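Engineer: Those sequence lines, one after another, are chains Y and G. Per this note's numbering: the first sequence = residues 1 to 341. Per this note's numbering: the second sequence = residues 1 to 341.
Bear in mind the hints are in silico, worked out from the structure with no lab data behind them. Small disclaimer: the values here were computed from a predicted structure and weren't measured. Among the clues, some could well be false.
[Claimed, not checked] The list that follows gives simulated cross-link-like pairs (lysine-lysine, DSBU-like), each with its CA atoms no further than 35 Å apart:
| no. | chain 1 | residue 1 | chain 2 | residue 2 |
| --- | --- | --- | --- | --- |
| 1 | G | LYS257 | Y | LYS56 |
| 2 | Y | LYS295 | G | LYS143 |
| 3 | G | LYS270 | Y | LYS257 |
| 4 | Y | LYS301 | G | LYS204 |
| 5 | G | LYS140 | Y | LYS24 |
| 6 | G | LYS56 | Y | LYS270 |
| 7 | Y | LYS202 | G | LYS60 |
| 8 | G | LYS4 | Y | LYS334 |
| 9 | Y | LYS206 | G | LYS305 |
| 10 | Y | LYS4 | G | LYS305 |
| 11 | G | LYS140 | Y | LYS303 |
| 12 | Y | LYS165 | G | LYS143 |
| 13 | G | LYS106 | Y | LYS326 |
| 14 | G | LYS143 | Y | LYS334 |
| 15 | G | LYS140 | Y | LYS16 |
| 16 | Y | LYS105 | G | LYS295 |
| 17 | G | LYS113 | Y | LYS334 |
| 18 | Y | LYS165 | G | LYS301 |
| 19 | Y | LYS270 | G | LYS185 |
| 20 | Y | LYS326 | G | LYS197 |
| 21 | Y | LYS301 | G | LYS202 |
| 22 | G | LYS326 | Y | LYS60 |
| 23 | G | LYS113 | G | LYS56 |
| 24 | G | LYS295 | Y | LYS140 |
| 25 | Y | LYS202 | Y | LYS270 |
| 26 | G | LYS206 | Y | LYS326 |
[Stated by the list, open to error] Stretch-level coverage of chain G by chain Y, calculated; a stretch enters the list once three of its residues show a Cβ under 8 Å from a Cβ in chain Y:
| no. | stretch |
| --- | --- |
| 27 | 132-140 |
| 28 | 151-160 |
Cβ coordinates follow ideal geometry from the N, Cα and C atoms, glycine included.
2 protein chains.
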Amino acid sequence: MNTKILLNERPVGEPKLENFRTVKEDIVSPKEGEVLLKTIYMSLDPYMRGRMNDAKSYAKPVGIGEVMEAGALSQVVESKSELFKAGDFVEGRTGWQDNPTVNEKKLRLIDPKMAPLSTSIGVLGMPGTTAYVGMHNFAKPQKGETLVVSAASGAVGATVGQIGKIYGCRVVGVAGTEDKCEFTKTELGFDECVNYKDPNFKEKLKSACPDGVDIYWENVGGITFDTVMPILNDYARIPVCGLISFYNATSLKGGEKDRLPLLFRQILTKRMMIKGFIVFNHYDQREESIIALSKWINEGKMKYKEDFVEGLENAPNAFIGLLNGKNFGKLVVKVNSDPTL
Amino acid sequence: MNTKILLNERPVGEPKLENFRTVKEDIVSPKEGEVLLKTIYMSLDPYMRGRMNDAKSYAKPVGIGEVMEAGALSQVVESKSELFKAGDFVEGRTGWQDNPTVNEKKLRLIDPKMAPLSTSIGVLGMPGTTAYVGMHNFAKPQKGETLVVSAASGAVGATVGQIGKIYGCRVVGVAGTEDKCEFTKTELGFDECVNYKDPNFKEKLKSACPDGVDIYWENVGGITFDTVMPILNDYARIPVCGLISFYNATSLKGGEKDRLPLLFRQILTKRMMIKGFIVFNHYDQREESIIALSKWINEGKMKYKEDFVEGLENAPNAFIGLLNGKNFGKLVVKVNSDPTL
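If we strip away everything but chain Y, and leave its shape as in the complex, we get (with noise of 0.2 Å):
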């Protein structure tokens, strides 16, 4: 038989036991190119939240009575495919059950010799590959920064908090108990971690940082990107790549006009990018940026317009208008004639 866990009701807030119904079926015997599979490992984590919602979000919500979505490591038990042979071990997303039936493409071979097969659900991995991904290509982790990782005993947050040591950074977990707290300086070897259930968590997690933040890891939302936001330093970089404490809500606004949940769900989901620049810090380019504007406006594909204001004596009120958008194209001050006109 193969046991199913099925989306019985969408959850409100967070889920309940009758959210879920287990089905027995019979086994289904594997066709061409599929593979009949164990489930040996399965893994749990917080995304699946999202896929309960009937919610647009980046991937298609599980559907009342469909499979809850999973990725486990299993083992072939028959196979019609080519690519896998029974005894393999075998890696995908094949769901909450334990016998099911998948086609190959879904598949990837675990070599067991390599780490424990377990691993191949964690750190070596969905959970390692986001550390991976986030800490490579969006914090650029350099020597001597600090980092802050949330959820830091977390498959994800473990990983962070290793790579950013590996790199050189001072590393400041959060976590939700001491225990957590102590493995991640015992034994991941963080500098600092600090529990957020602390009622001294925001002094303890400022002074755990006397350098300010350089990335912050946001795995959770919530207290702890109230706590760092005030102590980030220039160019922070925020890979935001989970928001656990807004899984459960029922509504994304923490007060009446808080609209921070709002757009953190949308960084995450639809893959945002914020960046502050400020155009200083990048006149390195001022040369080839006039080129070009020049090159356009030659070409009469760029248009510009002024909004001269005679007098220095009206550069107060003028810019007082400027604020509240009285100005029409760029306001210039006409503090004497121009010799050229």
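Once you have looked at the hints, place chain G on chain Y.
Structural biologist: Structure of chain G alone, referenced to chain Y:
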């Protein structure tokens, strides 16, 4: 005489005339490496509002009694510099004054034949470079994408929108008068422009962007961002180079709990990057990540902790606990025994 406009006192909210003070002083004869200038065009830009506050930001605030900061196009009256001679036109951040004496290092030579002089503080000056750098480095417009630009008829916005057109984008402006909107469409070639004071602004902006929004150029903050947020597409980019609507704010809280303005101020002044990502879009790097992680594990630089749950039947409970941080390490459901152990 040199007329200087000083910061007299720091404004609270909107600047008022009494925040400025005008003084006349004798002209200062240039010393070695200095030039005496006659200011011709002085730029007024929203960023100056920030300089009037005594707040830590990316630039030092203007001190009480100090000359207000501004870029200007000037003509050299008297030169003790080998770089410039009397009659030359120069641009530099020479402040709110009409006959300043400044160091040669603050100035760049402007060729009056290249373009009208005033453009050196506009489309060929700081605002133009802002637009160019932000589009080139961060927005990266692609043909067929939709760009929404706030403050659309302003110095930066007008240039941004036209760069968008040059790259083949659908360009939708947002401005505060019908005249400004008309100008961006008829003169600058924008596809649409919506007046944010229109009572149907939200509906009109949405219908002007039938394919959603790929780039939102943030100049302003506030209502336009709120309207754009729900219609941003996957992989949307939001360069943030200004936040005009916040500059006069006495509090950065839009309401008791609105943390968004505070976040945006920091994104800008700290030049931060926020980037959402989903690991499944980066599986071209999966092999690379597994190789790197395995190497670190073998070298003893990477530890991992797994939290095993026995039995598929315990998956729902374990998952509920996961969302509350009950797990300690990578949560793994042991569905069947591991034959390699």
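Engineer: Quickly compare the C-alpha distance for LYS106 (chain G) and LYS326 (chain Y) to 35 Å and report which way the hint goes.
Structural biologist: Holds, at about 30 Å.
Engineer: For the pair supplied as a hint, LYS143 (chain G) and LYS334 (chain Y), is the alpha-carbon distance within the 35 Å limit?
Structural biologist: Since the Cα atoms of LYS143 (chain G) and LYS334 (chain Y) sit roughly 39 Å apart, the hinted pair is violated (cutoff 35 Å).
Engineer: Mind checking the alpha carbons of LYS206 (chain G) and LYS326 (chain Y) for me, to see if they're no more than 35 Å apart?
Structural biologist: Status holds; Cα separation ~25 Å.
Engineer: Do three or more residues of the stretch 151-160 of chain G come closer than 8 Å to chain Y, measuring C-beta to C-beta?
Structural biologist: holds (count 6)
Engineer: Between LYS257 (chain G) and LYS56 (chain Y), is the straight-line Cα distance small enough, at 35 Å or below?
Structural biologist: Holds - the C-alpha atoms of LYS56 (chain Y) and LYS257 (chain G) are around 26 Å apart, at most 35 Å.
Engineer: Straight-line Cα separation of LYS202 (chain Y) and LYS60 (chain G) no greater than 35 Å?
Structural biologist: holds, 28 Å
Engineer: Need the status of pair LYS4 (chain Y), LYS305 (chain G): alpha-carbon distance at most 35 Å?
Structural biologist: holds, 27 Å
Engineer: Is the hinted pair LYS165 (chain Y) and LYS143 (chain G) satisfied, with a Cα-Cα distance of at most 35 Å?
Structural biologist: Answer violated: LYS165 (chain Y) to LYS143 (chain G) is near 41 Å, above 35 Å.
Engineer: For a C-alpha distance cap of 35 Å, please report whether LYS326 (chain G) and LYS60 (chain Y) respect it.
Structural biologist: Roughly 27 Å separates the two Cα atoms, so the pair holds.
Engineer: Going straight from one Cα to the other, do LYS295 (chain G) and LYS140 (chain Y) come out at no more than 35 Å?
Structural biologist: Answer holds: LYS295 (chain G) to LYS140 (chain Y) is near 19 Å, not above 35 Å.
Engineer: Given the hinted pair LYS206 (chain Y) and LYS305 (chain G), is their Cα-Cα distance within 35 Å?
Structural biologist: holds, 27 Å
Engineer: For the pair supplied as a hint, LYS301 (chain Y) and LYS204 (chain G), confirm whether the alpha-carbon distance does not exceed 35 Å.
Structural biologist: holds, 27 Å
Hint compliance for this structure: hints 5, 12, 14, 15, 23 are not met, and every other hint is.
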